[in-house]
Structures are given as structure tokens and as C-alpha cells.
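Following the hints, put chain F in place on chain V, whose structure we already have.
So the sequence lines, in the order shown, correspond to chains V and F. In terms of the working numbering, the first sequence is residues 593 to 1055. In terms of the working numbering, the second sequence is residues 593 to 1055.
If you are wondering where the hints come from, they were derived from the structure by calculation, not from laboratory data. Check before you lean on any hint, since a few could be wrong.
The list cannot tell twin chains apart, which means a pair is met if one copy fits it or any two copies do.
In silico lysine-lysine, DSS-like type, Cα no more than 25 Å apart, as pairs [said to hold, decoys possible]:
#1 LYS878 to LYS800
#2 LYS878 to LYS927
#3 LYS800 to LYS928
#4 LYS800 to LYS988
#5 LYS728 to LYS1014
#6 LYS800 to LYS728
#7 LYS928 to LYS872
Values in this document were obtained by computation on a predicted structure and should not be read as measured data.
2 protein chains.
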Amino acid sequence: MKKWVRMTILSVVVIGAMLFTGSGGQMDDDQGHGSAGHADPVAPVLLALTVILASAKIGGELFERMHQPAVLGELIVGVVLGNLALAHSSWDFFGPLRTDTITVQWAFVVDNLARIGVILLLFEVGLESNVAEMRKVGLSSFLVAAVGIVAPFALGYLASDMFIKNVPAVILEMNPNFDISNIHMFIGATLCATSVGITARVFKDLGKIQINEAKIILGAAVIDDVLGLIILAVVAGIIVASETGVPMDLSSILMISGIAIGFLVGAIVLGLSVVPRLLKRIAVLKTQGVMLISALLFCFVFSYLANLAGLAAIVGAFAAGLILEEVHFTEFREKKHLHDLLSPVTTFLVPIFFVVMGVQVRLETFLDASVLGLALALTVAAFIGKQVCGLAVVEKDLDRLSVGLGMVPRGEVGLIFASIGKGLGVVDDAIFSGIVIMVIATTLITPPLLKFSLARAERRHAQ
Amino acid sequence: MKKWVRMTILSVVVIGAMLFTGSGGQMDDDQGHGSAGHADPVAPVLLALTVILASAKIGGELFERMHQPAVLGELIVGVVLGNLALAHSSWDFFGPLRTDTITVQWAFVVDNLARIGVILLLFEVGLESNVAEMRKVGLSSFLVAAVGIVAPFALGYLASDMFIKNVPAVILEMNPNFDISNIHMFIGATLCATSVGITARVFKDLGKIQINEAKIILGAAVIDDVLGLIILAVVAGIIVASETGVPMDLSSILMISGIAIGFLVGAIVLGLSVVPRLLKRIAVLKTQGVMLISALLFCFVFSYLANLAGLAAIVGAFAAGLILEEVHFTEFREKKHLHDLLSPVTTFLVPIFFVVMGVQVRLETFLDASVLGLALALTVAAFIGKQVCGLAVVEKDLDRLSVGLGMVPRGEVGLIFASIGKGLGVVDDAIFSGIVIMVIATTLITPPLLKFSLARAERRHAQ
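Isolated chain V, as found in the complex (with noise of 0.2 Å):
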């Protein structure tokens, strides 16, 4: 036997051993034991980190040897942990992960580590560029952007059409006048979400994040992110008027947007000016890590305001990231590469992100004959709304298939505009359940898809 597959088996063992040690008691944050001794609380959230990073590690290595990007492996290895109750029930170590609103102190905390590490990781990927070189390939990215959110939006309203016929009985019990459309126009809104972790993890694991495809493709996610944030806030506007009679709420549609460019714009405008002075001034500080602390306290600090404006957290890390370079840190007394620093962190942290990712996914419903038809039919219509994005690519020698791909996974996002529907009363539970195979499907086809595309365009480019 190879080495490495007597280390797998070795490993899983161990994993297995260590999930049942914590099952006796500690991952249930169960502190009561008898014993004098120190009970830490951080020892469930110790037992949880290992046994995610230890996973993520062996799911990458094996998926990495058959030739895939490591982030597939992570996703993978996360899904078999979270549905090992379907093997047998009392495996559910990581159940108090995946429930809407979590009640468990570790998973809480492993739940915002893996938030974090994403931020993290957007920041890092745009540090790896510019806002001149993002401007360059600015009009692709917003021509990627629109055909992104209109060519979904009708293919997610007419999969929609064909396959709910009649408003479901859960809403029409709360509202007997329920408009059929509301629920099509909200699953189009749904499909217009992009979600840029995978993609970013992908052109990173294989080395291209500087090629324009890949600029291109985060430049148009976070055009989307504005984009989707209005479709929404317009589609639950006029839902909401349908429902309770009162007209549209124009003009707080027409703040949640200004907000949104606003932050974006003006972020982007003054930190610029602003950001490169400030590190002037931080760089008299003598004290040791002031060099990587004042970076993540600027990409925390962007993050925060982006979320305050509506916008994703990882929209304003990535601004962070695409204001900062490594020219600013050049007077700081810690004569290293930011990179360096920043990137230990990211190791520990982002493969955090796509474990709990990948154990958020449940098989069940997968199951549910009931919903596959619908599931299909969105899932289809995701993927290929965003395929036609590719086309609108207006570069030459760029290869627009990658960026089609790269544009497909729903990720988390789909999942909160999918729960934001619960809230509003037009998402059932079928729906969301269609909705979250849809989520799924885009987000594990993407890695595989992504990395033979860009293989394609490499040899192609070489002829």
C-alpha cells in the first residue's frame, strides 16, 4: 500500500477516535463534570479545530493527487463530516453547525472563525491587485455583472413557472390573495447571488489569481453584490406592496442602493487617499506586529462598514485588500512581505471556512423526489444564466468559459437570499429546500469545472 493512503486510513481513525472522545461530553459544551480541575471552555472549539483542520488537510492532499483543487476536498470531506448521522444517528457531532440559528458555544465559535477566514481570504486576493489593474477590466466586469444578474433572473422566473404551478398551501393559509409571480420573481432574485470564496480559492490553489479572467470575475461579484442587493430589496418591495396593498416603497429602495455604491465609491475613493498617509503615521509605531495588525484592522474595519451598508462583509475586505499594497508597508520598522504575515493566517483559517461550508450541505434532501424537478430545473438555470456572462467579456484572448464558470457558485450567499424568502413568506419549505440543492450543485461543480477550463485556455493559448 502507498504511503499516503496508510497515513489516510491512519488518519481517519484518528479523526474518528478523537469525535468520539468529544461526543462523551465536551463538544456538548457540557462543563458540569465533577472534577476540580480546570474545565475551559475553549476545549470543544480545540476538539472541533482539529478535527476540521486535520480533514480539510487529508480531503485537500487526496483531492489534489486526482489532479483537483484542494478547496473540492475541503468542500467534500466537510459534507461527510456533517451527514455522518446518516450512517448512524448518534454520529451528528457537528448537528449544533448546521442549524439556522446556532445554540452551541464552540460552534458558534468555529462558525465565526470560518467567517472570518473567508474575509480573510478576499482581502488576501486583493492585495494581490490593484484599483488601476481592476479599472482596466472595469467595463468586462460590469457587462459580466449585468448579463449575471438579468440572463439568471429570467431563466430562475421561467424554471420557476414551469415547475410551481400553484402557490403552496403554507402561504396561502397566511395570505389567501397571493400572487403566484411574487414566488417566480423571488427565485429570479435568488439566482442573480455569485459567490465569490470558491472561485477566488480556486484561481488561488492553482496560481492564477493575476490572470484577467480572474480580475474580471471579482470585479463582476462585487458589482453583483450591489447588484443582487437592489434586485432584492425591489423584488421584496414590491412583494411586500402586493401582500399588504401599500404601494412601493421607492424611496427606501433608492437608500439601501445609495448606501451600498456609496460605501462602495466612497471606500474606495478615499481610501485611497486617505489609507496610504494613515500607514505614514502607524509606521512610527514601535511596538512588535503593528505591520500585520494594522493591515487586518483595515480589512475588519472594511468588512464591518460594508455589512453596514447591506453589502457582504467579504465586498469590503476585498476593497480593503485591492486599496492596500505592499508599497504602504515599505517604512514599517519590520522589514517583511505582507504577504508572509498574512499568510499563516489565512492557513489556519480558510480551510475552516469550507469544512463548516461543506458540513452545512445535507444529503437529505437530496432525497426528497418531491423537490428534485424543481432543484434541477433551478440548478440548470443558474448555471447557464451565468454561463451567457462569458459572452459579454469584450477583451479578445480572454477565455470567456472560465469566466462563465467562475461566476456560477450560489454559496452562501444564495443561502441568505433563500432565508431572507422564508422571512418574507414566499419561500416554502420545498422551495428553500430546491433553493439549497441548487446552492450546492453550483457551488461543488465549480472547482472541477473551473480548473479543466482554465487547463483548456492554457494549452490553447500555448498552440
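The following block gives chain F in isolation, referenced to the frame of chain V:
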């Protein structure tokens, strides 16, 4: 005005402004705002981390400019942030971090990041030494630990006997036959605790973590943790026996001690033979980040197991660090030093621990005149009790004063002991406040005194 004074004022204004944005909802986990946007639960965590890390760096910088260790600055800004409510009742931004049982999500996350921070600090400190080096100063470590248990216990008993003449009414109500010597005994046990985080950090800040004094203290702190656990088990056994009339369960105390000692000896002996071979196997993995992740996993697993064995998680982390050596990582594909990979992670997380420690200081306890007498007596007993330790050092030429000072801080270990006393019903609110003040005082005076004594020893050596 000097540049850095202006910068500090500016930063304080910015941090204040951030706190006020946060208090408008986000920091209370109030995610239910009506907008259609993303409301990421990580947002309040990002805000808290920004305020904590920015304050930490400013505090560290100010105190370094005053020729004090940075860690003292981090503790003090923590005290300021935590006690803002004394200035204005609505400024209780960090209140959620100061409760016995944390109930707010962002506070869980920040508290756990702090705990991971101190675990990684002790791991990093352990990495700078190895088992052979520790064994060289082993006799001194053992004697220092032993004296550091006996002397504080005796002095604590006496101090308690002087100030507590009657069993508090609350305790008498629950148990009319309560023996007052139980209180003295428990207070004596509380004074045995040693929290080595502060000391390790001071030695690191001064670049002196490699000197023999540091090694003796670190070794003594590990042994102290084991002895403290045993003392606590014995005292708790006596108290429960005197309360219930059931004779003390010697076998369970033997088991607690056996598990703790067994873990430590077993982990180190097994670790020394297994870990290098295991790392050789892990080195064949090709996926990114294996070196850092495998080091972190060793640290997490050892910390987790130490905690299971009833010891502090940091004792496990330190043991993991002792076992691992840079030399084990030479076969890894990443040609980097483990230290360079670990240092950015600790730069991010360690200051969170010390600021959060400061945040938990309740200045109002100092205003309660009725406990101040007891508090002062306990502090003096705690200080002198550990000072005596220095005399137990067998090596010549070492600075006994520094060793004694390094053992003084009680930190979170003292607080854990005190809360166990609350659970046992031997510690009422007044005694608890007295212990808390002792913990605060021993923790805050250590950094400046230790810095002073180390500088004095260096001057003397140079002569």
C-alpha cells in the same frame, strides 16, 4: 506635540466612535434590522476585534515608550475598556465579556479567541526550549514549585485567619455546622495557583525567554499546575467531608492526581518517541500549509488532552511546544521556519488574551472598603509566598528575585479556583471580591517589577 501623542489622541477618538457605532445595535447581536442586506453575525466580532487590537497596540506602544513591557499596556487598556461604564452607564460596551456565564455571541467568540491566543503563546514559548534543557533545571523547577505551594498556602491560611473571624451569614444559613477553618484552607489553596501567561509574555517581550530563570519558572509553573490540582482536590475533599460527615474519598483524589501526572509524563515520554516519526510521515503531504497546520494540531490536541486530564489547557500547549523542535520540520516541502509561520498567528491572537484579561477587571471591587483589608492581606501573602520560591533555586549565579517575581501572577487560574470555591459554598461574595483583587494586583504588578529585576540582574552580571 509629538507625532505619536497626536496619533494616540486620534486613535482614541476613532476607537470611541467605533464603539458608539457598535452600540447602535450590532454589538448586542441585534441582527434583526429591516434592511434587505446581509446581516453577518461576524460583524460585531469584527468590531470588537478592531477595538481590542487597536487599543492593544496603542497601549503596548505607550507603555514601551515609558520603558514598561507592552503586555502591561495591553492589560491597562483592557481595564479602561472594561470599566468605561463607571464613567457613563451607557458605555458598557464590553459588559458581555465580563459576566460569569457569557450569553452574547460575539463575546463567546472573542473570549475563545483570547483563550486560543494564550494557548498558542505557551506553545510558542515551549517551542523555544526542549525537554533536555528543561530537565537540566528540573530540580530547581521542582523545588520552586514545591515551595511555591507550601509558602502561599501557609501565608494565605494565616491572612484569612486574621481577617475572617466569623463564618459569613450566607454560608451559615446553608450549613449551620460549617467549620471556619475550611475557609482559611480554601483561601490558602487559592493562593497556590500560578498563571504563567503574563510571565512568559514579559520574558518574550524582553527577548529573554531562553535564560535559565525563564526555564525554571516555566517548569515550576507546569509542576505547580499539577500540585495545585491535587491541593484543590484534597481541600475540596476535606470540605465536602466536613459538610456531609462522609469521610474524604481518598481514592478519587489519588485518581485525579494519577491522571494529571500520568498525562504529563505520558505525553512527554510518548511524544518524544512518536512525534518525530509522525512528522516524518506528515512531511510527505504536498498540499499547502501542512507544516503550520500540523504544528497547530499538535498544540490543540495536547491542550485538549491536558484539559481532559484536569490540567490547564496551557500546560498541554507548553508540553507540545517542548516536544516539537524546528529540526522535526526540515523534511517538509515548505522551506520555512516554524517560528516565522507561527508568529503571525500569535501576533493576531495573543494581544486579545491580555486585553480581555484587563476587561474582566472590575474596578468597583476596589471601592468596597469592607473587603479591602482582606484583599490587601491576601495580596501580601500571595506576593511574599511566591517570593520565597526564589530561595529554592539550586543553581548559583541565577537571579532569585526574578524567579520569585515570575511566579507571582495568579491570573485566570486564581479566578478558576475562586469560582470553584463559590460552587463549594466556602467563598461568599466578599471573599470572592478579595480574591479577585489579589488576582488583579498580582497580575498587574508583575510586568514592571519583573522588568526591573531582570534589568538589575543584567547590570550586575555586566559588572
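Here's how the hints hold up against the structure:
With identical chains, the CA atoms of LYS878 and LYS800 are at most 25 Å apart between copies only, with a shortest distance of 19 Å across copies and 36 Å within one. For the identical chains of this complex, LYS878 and LYS927 are intra-copy neighbours only, at 13 Å inside a copy versus 29 Å across copies, given an alpha-carbon limit of 25 Å. In this homomeric assembly, LYS800 and LYS928 come within 25 Å of each other (Cα to Cα) both inside a single copy, at 23 Å, and across copies, at 23 Å. In this assembly of identical chains, LYS800 and LYS988 lie within 25 Å of each other by CA distance solely inside one copy; the values are 18 Å within and 60 Å between copies.
In this assembly of identical chains, the alpha carbons of LYS728 and LYS1014 never lie at most 25 Å apart, being 40 Å within a copy and 65 Å across copies at closest. For the identical chains of this complex, LYS800 and LYS728 are intra-copy neighbours only, at 18 Å inside a copy versus 51 Å across copies, given an alpha-carbon limit of 25 Å. With identical chains, the CA atoms of LYS928 and LYS872 are at most 25 Å apart within one copy only, with a shortest distance of 16 Å there and 29 Å across copies.
Going through the hint list in order, the structure does not satisfy hint 5, though it satisfies all others.
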